[in-house]
Amino acid sequence: MGTATRTVVFTDLANYTAKVARSDREGLRKILDEHENMVTPIIEKYGGRIIKNLGDSFMCLFLAATDALRAALDIQHFVASSGGISIRLAMTTGDVEEIDGDAFGECVNLSARILGKAPAGEIWFGRGTQICMNSAEIPWEGVGRFPLKGIPGEQEVFRAVPQHRCFLPDPVAAAAKMGNLVRIRRGSRPPLLPPDPVILFEGFAPGSQPLSAAVDSLPVLNPASLYLSSYNIAPEDRNKWVEAGRGLVIGTPDALEESIKDALKVVARTSGSDTIVLDMAVAADLELVMCGLALPAVPLSDVVASYSYDLLKDGRWVNRSDRSVLRVEVASQGIRMQALRPGVTVGGRALGSGERVLLKDQDRVQTPAGWVLYRVTNQGYAGLLVAETDMRLGVVTGQTAELGREPQHPGLAFPDRRGQDNIRWCTGARAARARAGGFTLDRALAGRRQAAIQLVGESIRLSPLHPRCPTYVLRPNSRGLELVQSTVELEMNDIVVAGTTVIGLRAPE
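Mapping of the sequence shown onto our numbering: residues 1 to 509, in sequence order.
The set of hints was computed from the structure by calculation and includes no laboratory data.
Please note that a few of the clues may not be correct.
As the list claims (entries may be wrong) - Label pairs and their computed distance ranges (CB to CB):
(1) E34 - S212: 19 to 25 Å
(2) T400 - S81: 47 to 53 Å
(3) E97 - A174: 42 to 48 Å
Using N, Cα and C, we set each Cβ at its ideal position, and we do this for glycine too.
Taking the hints into account, I'd like the entire structure generated from these sequences.
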């Protein structure tokens, strides 16, 4: 028949040798018949041909890699529902030569070697199949690289995931056992995080805006600690997620639940409890809460003449948005607030859409996003707009948490609002150079690693990290900001200010 590209599939009865030792001839015949009666119709349904039948093993050829994998998944679904025998499958795609009803080639050898590595109940396949298959139709994940006898170099191997299985990555399984797995479901409030959390996003459409928002709502974390649970995922969404250094957990919601329960069985036996709530993080001793916007005074260094920020309904401050509820404008004449939507009041007086008012110290502003308190300050700031948000980081005794635009883990990342459409520039060469160089208030006034907060016993200590960008503290009963030049002691409800960011210290609820 000549050489052609085919997908070579091997099936194998798991633990066949042990079954032979325990069965008489009649029992063995029933096992082999069950294997054949289960596999053959599914192979033929997807256009496959059985080339060899060795009783406990079949070698099959398929024209399409996707059809071969769909057949393998159907076989495993059928086996799982029957509760009888256990089957492993392996395949790869490449050039095959058919001679006298048999098949030969490197592809055949590679598929057989992969079969030797595959555990019972699983479907493993090689790189050739992964390239040729329709990735959007097949739930799959990487297994690793393996040396295979008679095959040069290490071979990359993948796994198709049936609906009833979910193979937890080692970090996720370990986090479940240790109690630091945080499961975030769509629509849930950003949780208080334990030390060294592993985050599992569930119920989010891959590549969706809600998923991006959920990721952005968290403090800075090692991307390798972020996992998305999904079953079928489009290649472009998979690539975007994985290329950011994040992980995937492939499985249906039901299979995921069962896998997590399995991971917890040892914990349940040793702890005397068979219930572990994973949606709740371990108790923290201190919460660092993103709680407002600091307003540098102008003119600023002969660069910024005035600027503005917009408040969104979710409580975030952005440079400019057509979805804003209000705008705060900072100029040399003072701080003005402009209502952009109904529902904004200042000092109890409702503002009409588009109306501007000059803010005074201790003005309380009611918005669709909640209350905002304006406080006049010093140290080069025109004031602070203070409001609690859901973005927070839990700190436990003995832990150090960094603050900054790119803090080390664990840390609370400052907003990094790109764009200059909220700035009115000063005249002169200095402002022109700053504008051309991409100047923003967020990037100019705060460092990547700005400061560190350490919880030692009953003490909360703040240490500055950046040599040029200053960090300040505002005490509850003080009107003035204190410049932090060395390590200082903090108290609950103190406020830390750096750049345009305001962070409150709160006792956990």
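task: Could you tell me whether the CB distance from T400 to S81 stays inside 47 to 53 Å?
output: holds (52 Å)
message: Verify the CB-CB distance for E97 and A174 against the hinted window 42 to 48 Å.
response: holds (46 Å)
query: Using the C-beta atoms of E34 and S212, is the stated range 19 to 25 Å upheld?
result: violated (48 Å)
Checked against the numbered hints listed earlier, the structure breaks hint 1 alone; every other hint is satisfied.
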